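Enquirer: Sequence:
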Amino acid sequence: MADYFIGDIQGCFAGLQKALATVQFEHGRDTLWLTGDLIARGDDSLSTLSFLADHESSVRTVLGNHDLHFLAVANGLKNVNPKDNLQPLIDSARLPYFRDWLRAQPLLLALPDESGFMSHAGLPPLWSPKKAKKWASILQESLRSADYRQFLSEMYGNKPVKWDKNLTRQEKITFSVNAFTRMRFCTKSGELDFSNKSSPKSSEANSLIPWFEFEPERFDTTKWVFGHWAALMGETQNPNVIGLDTGFVWGNYLTIMHWQNHQKIQISA
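Just so we're aligned: 112 in our numbering is position 114 of the sequence shown, and the numbers increase by one with no gaps anywhere.
Everything labelled a hint here was simulated from the structure, so no lab data went into it.
Quick caveat: nothing in here was measured; it's all calculated off a predicted structure.
Careful: at least some of the hints might be erroneous.
To be verified - In silico EDC-like cross-links for lysine to aspartate or glutamate, where the CA-CA straight-line distance does not exceed 16 angstroms:
1) Lys199 with Glu233
2) Lys128 with Glu112
3) Lys221 with Glu233
4) Lys16 with Asp42
5) Lys186 with Glu152
6) Lys157 with Glu189
7) Lys186 with Asp145
8) Lys157 with Asp191
As the list claims (entries may be wrong) - Pairwise CB distance ranges, derived in the manner of DEER restraints:
9) Glu152 with Gln258: 36 to 42 angstroms
10) Glu54 with Ala144: 28 to 34 angstroms
11) Ser135 with Trp99: 15 to 21 angstroms
12) Val78 with Ser113: 37 to 43 angstroms
13) Lys131 with Ala51: 34 to 40 angstroms
14) Ser135 with Asn73: 33 to 39 angstroms
We treat Cβ as the ideally placed atom computed from N, Cα and C, and that holds for glycine.
Start from the sequences, fold in the hints, and give me the full structure.
Expert: Structure representation (structure tokens):
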């Protein structure tokens, strides 16, 4: 019985199957933990989502920004991004099922040994794990509610960029969605930056820092698993902050990690 973590699949079904075969994953015995962005840019989002939903007893996943956007598209609130390969999903007779399955998934999961958490993008500046649990619960309740379409229509926006207790409730919701699913860099004062997707080693990063370098002592006793940031290639320089998106959809690798021994295996695109 093992727990395996995989970074962003992005609809790359063949890569997912190869990774599972490599570790001899067995449904009913092992558990698959996913960092979100299950679908979108890869060539077979339909098979990917079908497989995961049909094996839900073996799957634990958080939602990523692409998953949330698909929910908005599937509800007629947004148009399909031309860069995404979502039309087969939209045209599928199982669309209502996929829609409901996705919106039942959380934004945050406790790790198997309760040593920390997993979210798609990370833990934002000025938040404790306790605050992350609170706002993940609020977002999850909104997604599961009868008026979830209103939540989906109002979740978009790049502001506010910094957490403040005096923000309106809607501002806090927008910030929380961005923190859980879109964040990469922040300023040293804790403002989120959405314009830069590069590596921290890039000159483009300038005075920005990765979110996990803001008050890094937050991770002294709390582990955090995340995806989302392909340019990072898993390099965080902190053993308690574990990045698993290694850009398979962009021609790099799909990383699968055995949680109990932290061994990582990389599947080439």
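Enquirer: Which earlier hints turn out false for this structure, listed by number in ascending order?
Expert: 5, 7, 10, 13, 14
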